[in-house]
Amino acid sequence: MDAVGQNAAAEWVRIHPLLVRITHWINALAILIMVTSGWQIYNASPLFGFVIPDDLTLGGWLGGALQWHFAAMWLLAVNGLVYIAYGVMTGHFRRKLFPITPRALLRDVLEALRGRLAHDDLSMYNAAQRAAYLAIIVAGMVLVFSGLAIWKPVQLQELTALCGGYEGARLVHFFAMAILVLIALVHVVMVVLVPRSFPTMITGRARRAS
Amino acid sequence: MKQRAMQSRLAGHSAPLIEKIERRQFLKQSLSLGGLALLSGCELTEDDGVQRVLMSMSRWNDRAQGWLFNPNKLAPEYPESAITKPFPFNAFYGEDEIEEVDANSYKLDLAGLIREKKPWSLPELHALPQISQITRHICVEGWSAIGKWGGVRLSTFLERIGADTSARYVGFKCVDDYYSSIDMATALHPQTLLALRFADQVLPPKYGFPMKLRIPTKLGFKNPKHIMAMFVTNTYPGGYWEDKGYNWFSGS
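If you read the protein sequences in the order shown, they are chains X and Z.
Just so you know, we're using numbering that gives the first Met the number 0 here: the first sequence kicks off at 0 and counts up by one.
Just so you know, we're using numbering that gives the first Met the number 0 here: the second sequence kicks off at 0 and counts up by one.
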């Protein structure tokens, strides 16, 4: 038993800190609520020539969707602030997401498209992952700020002006959502393709690559 | 039981928050998202608890917006060239169902914490100091339109009638059975108008003849049209859409 335990301890390595795992799953829930309720809100006055199918939306009607959206925004914002503060202050972002060079990014994206992307060592992100995770953080921040600009175009009018005015902020909010959803979908597909990466975001541990 | 618990929790809110049937309907329609239903293992918004959390979050957002509201911050104003033409008509009914108000017999009724409750005729309202603004009307649905409104500052009027401006709410009742209410801080904001004119003309029926509330610091549905009565109170008055679930403060 002891021998096995020691052996296991030698093979397993902690790759996702507890705080990152907790904020990851809270964020997943918050984003799911924000996006699906946001789609219902979009349908009340579509920016473009399409609407989102009702089955993909949350809230049932505009008023319900707004209640979800403006409740979950606190979850998203507080959780996001904790995550970003942690990532910056502990050096987590610097260690895990940087450096990203255009050369490495291009190489890894091409490799990924050929289905040969190296992700043997789950504790190290390849350049494509680093870029995607950084982009999702940036898209999330743009969503929060453009959302505030839409919510408070008088009280936060300087922020709204920065987003190109009220109507500009709606467009920014929409496209940031589209980018975030796209990255999140690729992220989920990648987890399906590398299924052993999934439990690591729950337990935090991965078997060290030999 | 749950209904009663919810109402007692919302004591101080005089109007029943949501009619029972409307709420059932709302709950039934509230969740069509398979993913979330699977996650929770049940139909999420069938649950009264979830509905209660959402309503208390909306009350929390009322408070948060009250704190965020800066009484000196003005809504951006625009040049004449920015005005949206035609300005959209919007109501909970169609344009062919607009109720006509007779200008000659019109009287604005006053009630509540007001010293001089004498009703006001249209000529008397037009005789008060008038200002105008070109501001953006933002609908809760997301669209926006820029228009020009003229009329009496609500703060001027409240002062004139001896309203208790330390009270919490100003409520409005309309000819089409629409009703709404606002916080006193917003009522006293310099851009909050009892609008009598639109685009330099007498306010036409479709935009709320003879008088509408124009608040560029709040969403469109907080700008009631065809106002017949106004009251000042400390008891939460709710509103037509607010009682159906739209956020009460709805500040911009």
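Don't read these hints as lab results, they were simulated from the structure.
Honestly, I wouldn't trust all of these hints.
[Claimed, not checked] Mimicking DSBU-like on lysine-lysine, the simulated pairs with C-alpha atoms at most 35 Å apart in a straight line are:
no., chain 1, residue 1, chain 2, residue 2
1, X, 151, Z, 147
2, Z, 72, X, 151
3, X, 151, Z, 243
4, Z, 117, Z, 72
5, X, 95, Z, 84
6, Z, 84, Z, 116
7, X, 151, Z, 205
8, X, 151, Z, 172
[Said to hold, decoys possible] If you want the ones that stay clear, here's a sample from chain X, every Cβ over 12 Å from chain Z, calculated:
no., residue
9, 72
10, 97
11, 143
Yeah, the Cβ is synthetic: ideal placement off N, Cα and C, and Gly gets one too.
Non-conforming hints, listed in increasing numerical order: Hints 5, 6 and 9 contradicted; others consistent.
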